[in-house]
Amino acid sequence: MLFAIAHCPLPIASSPLPIPHSPLFTLAWRPMLDPLPVAGAWPLLLIPLSLGISIAYKAVRVGSIGSYPKAVLVMTTQIVLAMIAMGIVANLFVRFVLPVVIPVSP
21 MLFAIAHCPL PIASSPLPIP HSPLFTLAWR PMLDPLPVAG AWPLLLIPLS LGISIAYKAV
81 RVGSIGSYPK AVLVMTTQIV LAMIAMGIVA NLFVRFVLPV VIPVSP
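Numbered as in my numbering, the sequence shown ends at 126 without a single skipped number.
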């Protein structure tokens, strides 16, 4: 395939393949190649993700259906708070510990 493209008699501009920034590339959303346009809302996606994980995990692990909703909400809260805490710890580590351990000279 690479050999055929490298020795193609046609110039690249007249190729039948669409150019990456052409309108043909914007006709369909490709989940693994084009991220969603939610630039500032990525942290909000933590809540549905943790809720989904909690629903699936507690559906298998809970003993009775009566305690299921409470168990899901507790686990969702635990996941969200743990992720926030880990983000704060990672931020503090990068800001204060790494500059001491690995000094950067100007």
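Hint data in this document are derived by calculation from the structure and do not stem from the laboratory.
A virtual CB, placed ideally from N, CA and C, is assigned to each residue, including glycine.
Any given hint could be a false lead.
[Stated by the list, open to error] Pairwise CB distance ranges (calculated):
id	residue 1	residue 2	range
1	Val-82	Ala-48	36 to 42 Å
2	Phe-113	Gly-60	35 to 41 Å
3	Phe-116	Val-82	40 to 46 Å
4	Ile-85	Arg-115	23 to 29 Å
5	Leu-112	Ala-48	29 to 35 Å
6	Leu-112	Trp-62	18 to 24 Å
Okay, the hints, checked on the actual structure:
1. Val-82 / Ala-48: 36 to 42 Å: With a Cβ separation near 40 Å, Val-82 and Ala-48 satisfy 36 to 42 Å, so the hint holds.
2. Phe-113 / Gly-60: 35 to 41 Å: Violated, since Phe-113 and Gly-60 (Cβ atoms, about 24 Å apart) do not stay within the stated range.
3. Phe-116 / Val-82: 40 to 46 Å: holds, 41 Å
4. Ile-85 / Arg-115: 23 to 29 Å: violated, 46 Å
5. Leu-112 / Ala-48: 29 to 35 Å: Cβ of Leu-112 to Cβ of Ala-48: about 42 Å, so the range 29 to 35 Å is violated.
6. Leu-112 / Trp-62: 18 to 24 Å: holds, 20 Å
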